[in-house]
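Peer 1: Hey, can you work out the whole structure from these sequences and the hints?
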Amino acid sequence: MTERVWVRGELSWLRSGPMWRIHEDALPDLDAMLDRHGYVRIVLDGRRMTSREAAHAVLAEAFGFPDWYGANWDAFHDCFYGFASEHAGERVAVLWRHVEVAADAAPATTIEVGWALLECAAGHWPAPGPTAPTTMHFDLFSIGTGDDFDRPPTS
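Residue numbers (numbering that gives the first Met the number 0): 0 to 154.
Any given hint could turn out to be false.
[Stated by the list, open to error] Taking CB as the label site, the calculated pair distances span:
| id | residue 1 | residue 2 | range |
| --- | --- | --- | --- |
| 1 | Gly8 | Ala104 | 21 to 29 Å |
| 2 | Pro152 | Glu111 | 14 to 22 Å |
| 3 | Trp5 | Asn71 | 18 to 26 Å |
| 4 | His76 | Val39 | 18 to 26 Å |
| 5 | Asp103 | Gly81 | 12 to 20 Å |
| 6 | Ala87 | Ala61 | 17 to 25 Å |
| 7 | Asn71 | Ser154 | 27 to 35 Å |
| 8 | Asn71 | Met32 | 15 to 23 Å |
It should be emphasised that the hints constitute simulated quantities derived from the structure, not laboratory data.
We put the CB at the ideal spot given by N, CA and C, even for glycine.
Peer 2: As structure tokens, this is what we get:
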């Protein structure tokens, strides 16, 4: 099992968390950190997450959920365990690009998605039984351009 990465230690300019908010200008720093620690990347495009249905379609595609995925939060949690099992022992980074577009179009859905992903980052996903736990290190990064997103200070 790999050790959890201390993200704030790696990117000392971060002020946000636990959903790390990264300014697009700082993507090279983030990419270098993810490469250095061998993260699997999952990219979500907020421009496509403009309704509840669209958000679930993006999540299903990004996480490779089966065709029977029911496009609701119970189904998300049911399917996420399979994703976590496939990536047991790995580091996974979700890069949620254009999150502000999703928030403008579907604010309540964006909050729900953020909550569900933060639960995953905390390791709260159901296992099929008490003898079947799985461990994966999961970090969530929202990427945007506003002043609300962290970046290294300019000199």
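Peer 1: Hints first: check each against the structure and report whether it holds.
Peer 2: Hint check:
1. Gly8 x Ala104: 21 to 29 Å: With a Cβ separation near 35 Å, Gly8 and Ala104 fall outside 21 to 29 Å, so the hint is violated.
2. Pro152 x Glu111: 14 to 22 Å: Given range 14 to 22 Å: violated, Cβ gap about 34 Å.
3. Trp5 x Asn71: 18 to 26 Å: 34 Å, violated
4. His76 x Val39: 18 to 26 Å: Holds, at about 20 Å.
5. Asp103 x Gly81: 12 to 20 Å: 32 Å, violated
6. Ala87 x Ala61: 17 to 25 Å: Roughly 18 Å apart at Cβ, these two residues keep to the hinted range, so it holds.
7. Asn71 x Ser154: 27 to 35 Å: 48 Å, violated
8. Asn71 x Met32: 15 to 23 Å: Since Asn71 and Met32 have Cβ atoms about 34 Å apart, the given range 15 to 23 Å is violated.
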